[in-house]
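Starting from the given sequences, assemble the full structure and let the hints guide the process.
Line order of the protein sequences matches chains A and X. What the first sequence shows, in this note's numbering, is residues -13 to 415, in sequence order. What the second sequence shows, in this note's numbering, is residues 5 to 418, in sequence order.
Derived by calculation from the structure, the hints in this document are not laboratory data. Keep in mind it's a predicted model, so treat the numbers as computed, not measured. Heads up, a few of these hints could be off.
Claimed, not checked - In silico DSBU-like cross-links for lysine-lysine, where the CA-CA straight-line distance does not exceed 30 Å: (1) A:Lys286 - X:Lys164; (2) X:Lys13 - A:Lys144; (3) X:Lys277 - A:Lys198; (4) A:Lys139 - A:Lys61; (5) X:Lys90 - X:Lys300; (6) A:Lys144 - A:Lys198; (7) A:Lys202 - X:Lys13; (8) A:Lys344 - X:Lys110; (9) X:Lys413 - A:Lys113; (10) A:Lys344 - A:Lys400; (11) A:Lys125 - A:Lys403; (12) X:Lys277 - A:Lys144; (13) X:Lys91 - A:Lys139; (14) X:Lys300 - A:Lys61; (15) A:Lys270 - X:Lys90; (16) X:Lys277 - X:Lys164; (17) X:Lys164 - A:Lys344; (18) A:Lys198 - X:Lys13; (19) X:Lys91 - A:Lys270; (20) X:Lys143 - A:Lys242.
What the hints assert, rightly or not - Cβ-Cβ distance ranges computed for the label pairs, FRET-style: (21) X:Leu121 - A:Arg199: 22 to 28 Å; (22) A:Val253 - X:Thr202: 36 to 42 Å; (23) A:Val98 - X:Arg135: 55 to 61 Å; (24) A:Ser280 - X:His55: 39 to 45 Å; (25) X:Leu402 - A:Glu397: 36 to 42 Å; (26) X:Pro138 - A:Arg199: 39 to 45 Å; (27) X:Glu414 - A:Thr370: 52 to 58 Å.
Built from N, CA and C at the ideal position, the CB exists for glycine as well.
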Amino acid sequence: MRPLEGVRVADLTWLLAGAGGPRLLASLGAEIIRIEWRDRLDFLRYMGPFAPAQNEGAAKAEALDLSGLNKDSVKSVNRSGTFNDINAGKRAVSLNMAHPKGRELFKRLVAVSDVVVESFTAETMRKWGLGYDTLKSIKSDIIYMQQPGWGYKGPYVKFASYGPIAQAVSGLTEQSGLPAPQPPAGWGFSYMDWSGAYYCALTILCATYYKKRTGKGQYLDCSQVEPAIYMTGTAVLDQLVNGRSYQRTGNRSPYKMAAPHGAYRCVGEDRWIALAVSNDDEWKSLVREMGTPSWTQQDKFATLAARVLNQDELDQYVGVWTSDKEPFALQERLQQAGVPAGVCQTAQDRIERDPQLKHLRWLIPLVHSEIGEWPIKDVPFHFTNGTVNQGGPTERAAPCYGEDNDYVYDELLKLTKQERADLEKEGVI
Amino acid sequence: MQGFLFDVKVLELADEKGEFCGKLLAGAGADVVKVEPPGGNPTRSLGPFYHDEPHADRSLYFWHYNFGKRGVTLDIHSAEGTEVLKKMIAQSDVLLDSLPLETLAKLGLDWPALQALNPRLIYVALSPFGRSGPWRDYKANDLVHLALGGQMMCCGYNPKEDGTYDTPPIAPQMWHAYHIAGNQAFIATVGALIGRETTGEGEMIDVPIHQAVSVCTEIDVPYWIYNQTACYRQTGRHAQPAVGPEVQFPTKDGRYSIILANPFPGGYETVVKFFDEKGHAGDLTSEKYQDPNSRKGIEFARHFADVQANCVAAFDMEEIWRGGQDLGIPWAPIRTPEENLGDAQWQARATFTEVEHPELGQRFSYIGAPMLPNEVTWRQGPRAPLVGEHNEDIYRQLGMSREEVMRLKEREII
Chain A
-13 MRPLEGVRVA DLTWLLAGAG GPRLLASLGA EIIRIEWRDR LDFLRYMGPF APAQNEGAAK
47 AEALDLSGLN KDSVKSVNRS GTFNDINAGK RAVSLNMAHP KGRELFKRLV AVSDVVVESF
107 TAETMRKWGL GYDTLKSIKS DIIYMQQPGW GYKGPYVKFA SYGPIAQAVS GLTEQSGLPA
167 PQPPAGWGFS YMDWSGAYYC ALTILCATYY KKRTGKGQYL DCSQVEPAIY MTGTAVLDQL
227 VNGRSYQRTG NRSPYKMAAP HGAYRCVGED RWIALAVSND DEWKSLVREM GTPSWTQQDK
287 FATLAARVLN QDELDQYVGV WTSDKEPFAL QERLQQAGVP AGVCQTAQDR IERDPQLKHL
347 RWLIPLVHSE IGEWPIKDVP FHFTNGTVNQ GGPTERAAPC YGEDNDYVYD ELLKLTKQER
407 ADLEKEGVI
Chain X
5 MQGFLFDVKV LELADEKGEF CGKLLAGAGA DVVKVEPPGG NPTRSLGPFY HDEPHADRSL
65 YFWHYNFGKR GVTLDIHSAE GTEVLKKMIA QSDVLLDSLP LETLAKLGLD WPALQALNPR
125 LIYVALSPFG RSGPWRDYKA NDLVHLALGG QMMCCGYNPK EDGTYDTPPI APQMWHAYHI
185 AGNQAFIATV GALIGRETTG EGEMIDVPIH QAVSVCTEID VPYWIYNQTA CYRQTGRHAQ
245 PAVGPEVQFP TKDGRYSIIL ANPFPGGYET VVKFFDEKGH AGDLTSEKYQ DPNSRKGIEF
305 ARHFADVQAN CVAAFDMEEI WRGGQDLGIP WAPIRTPEEN LGDAQWQARA TFTEVEHPEL
365 GQRFSYIGAP MLPNEVTWRQ GPRAPLVGEH NEDIYRQLGM SREEVMRLKE REII
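This is how it looks when you write it as structure tokens:
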């Protein structure tokens, strides 16, 4: 069985930091009912890459430009590949929360749900008369999870956050990149959107366990920035205890002695291999693979401490040696010799080449009602007994807009035909 | 107040791969007992150290990642040690294992044996590449994981004009492969605990770190799946199919800010008004940009970024970003981690917490909870265990006499 079978979640999240949390709950078997309205859809529904229509070539490569969401050029809101992945395993209804009757209908959904999760700005739900007290009066053991960027409590309650904002303020951006005077490199994707999603999921799971054991629901205030701060503890302690502020080290190991430890050029355009040598055995193996050139026999590379001290020079030597090697053959050869080595893989490498990811079935085929079957990233935890995968209870990829209106409104909430027709006419459904 | 997982007992056999997951379990209220070899876990040798003195009880790394746990020492490879371990497993809800593959199996504790010992056990195993497959025995560390997982090819600096790179891909430092895998392992573990409430049965969960890391990038995978388009790394912003406008700008005091475009309706006018009030709107207030159609495309986006850069350059890092946020514009300072200690937001939320180190006669600010629960509390202490600190307590609870504990100590089994 699926471990969260029977848990129903009213999902008012969007984008990644919000919507990625319920995605994980779906993989564990929770029924996620994503609530959307056509006038203010998730931006991801308008953002590429899109599933190509038949016989249509690949979309033109364009830079993301959030300020210029070109809604008119999007033919269908059901074709975004990013949305398809982030919302796999969920159901979806169309529901106009800005309409008073929409909010009444939402309350009926709350009455049959276990969890309400939203990532609006902090005051939205309260303004709609749907604060925790109200939700609790509808369903006494409801778990209500609020996930505004900076948290509900505190002076920054109205501040906005996306992954890059949380990364910047927390210190994660400053910690990434080549040493000063180079600027921080930061993160080339919304790490804290994914991490925000993890904390959304793990907090709801914790509260669900607590409810199973005590019968009590609860209200949770989960910011996107705090989980980022949570990962910087070693650096905070180093400053408090030793008065030392974090200094970027590029790809070099900041606290664990290792050298060589970095990315080295290989044959091909923008091809690199990461090597991490942290003891004498690994060093000896690397030296042997390099053919024991005379430079390796110098005193300045004889011990780990010496190699760390002289790593500028060491990196040059190693970089020259790797530069005429094919990266994957070199990875295999070094790994066989016991040297930790890995190619800096692109998405194409991971999808088309990586035999381990294939073996682990990291992408699973799931069907989307409009764009058909596509590979979806499965969750990276493998259960032995329970049924756990990203298809979730729906066993499909992301829902189309309003795809599950019949199920939710007719079967679950038991609206009469007349009621539903009226609500549709009034712009509520 | 108690924690979410107030009645959950966890036994942790973990190195740096699994310690973060254990930290989360302890934070969520579980009673986490860390089992270390006599003399202490190898992770106690990771720096930085208190006053830069390498010492098993003074690794700041270890302090952070083992906060809130209790600790015992035990030579699990000795016959007697294995028997003690079995007793502890029999009384635990969760066994968290990130030791090298097969370590437990070699002690006769493979999954069937664990189930026989404790049918309700949730056994969660983190390993670099999983239990089987062609790379099963590959060696990895944080850097190698972030290379193979795709993070590095997304992170770094702008390409040159001709599209080639003179800088390497960058792995954001400080153990993120293990953060990612630890978060996922925690999610799976609590999911299994919930499932156990229905089935009454245990579960074995495999978490291959390589897979966890590989699913934690953003648009590069869908761009390849749907359009066979590659993404290119660029300074301080998302890897994308083409080079986009800058979002990271130097400030007057030699620091940096992140300034995102405002995607909301009316956002453009708000931002320009803000720049104008600061005297740095450039030509954005001119007639030619009043028509929204004149503001489309990458050329305008780059021009807009130049205006932002000029405005930001006139202010110190902490001077300007709140003003933007007050108007709903997502801006942020690029802080060092400790610069959050004095921030009013985190003080209001008690994000940092004072923790006693009685062995040093000192107290330090630690990062407390990653969220704010109301019905329960996130664990606020104690500090990480000293080597073997809870041997007496825990082994006595297992039913050993004081003499027996002494004897095990003399024989260096604990």
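For each hint, the structure was consulted:
no. : hint                            : in the structure
1   : A:Lys286 - X:Lys164             : violated (35 Å)
2   : X:Lys13 - A:Lys144              : violated (39 Å)
3   : X:Lys277 - A:Lys198             : violated (52 Å)
4   : A:Lys139 - A:Lys61              : violated (41 Å)
5   : X:Lys90 - X:Lys300              : violated (66 Å)
6   : A:Lys144 - A:Lys198             : violated (34 Å)
7   : A:Lys202 - X:Lys13              : holds (21 Å)
8   : A:Lys344 - X:Lys110             : holds (28 Å)
9   : X:Lys413 - A:Lys113             : violated (63 Å)
10  : A:Lys344 - A:Lys400             : violated (44 Å)
11  : A:Lys125 - A:Lys403             : holds (26 Å)
12  : X:Lys277 - A:Lys144             : holds (19 Å)
13  : X:Lys91 - A:Lys139              : violated (44 Å)
14  : X:Lys300 - A:Lys61              : holds (19 Å)
15  : A:Lys270 - X:Lys90              : violated (39 Å)
16  : X:Lys277 - X:Lys164             : violated (34 Å)
17  : X:Lys164 - A:Lys344             : violated (34 Å)
18  : A:Lys198 - X:Lys13              : holds (17 Å)
19  : X:Lys91 - A:Lys270              : violated (42 Å)
20  : X:Lys143 - A:Lys242             : holds (16 Å)
21  : X:Leu121 - A:Arg199: 22 to 28 Å : holds (24 Å)
22  : A:Val253 - X:Thr202: 36 to 42 Å : violated (54 Å)
23  : A:Val98 - X:Arg135: 55 to 61 Å  : violated (40 Å)
24  : A:Ser280 - X:His55: 39 to 45 Å  : holds (41 Å)
25  : X:Leu402 - A:Glu397: 36 to 42 Å : violated (52 Å)
26  : X:Pro138 - A:Arg199: 39 to 45 Å : holds (42 Å)
27  : X:Glu414 - A:Thr370: 52 to 58 Å : violated (40 Å)
The earlier numbered hints that this structure contradicts are 1, 2, 3, 4, 5, 6, 9, 10, 13, 15, 16, 17, 19, 22, 23, 25, 27.
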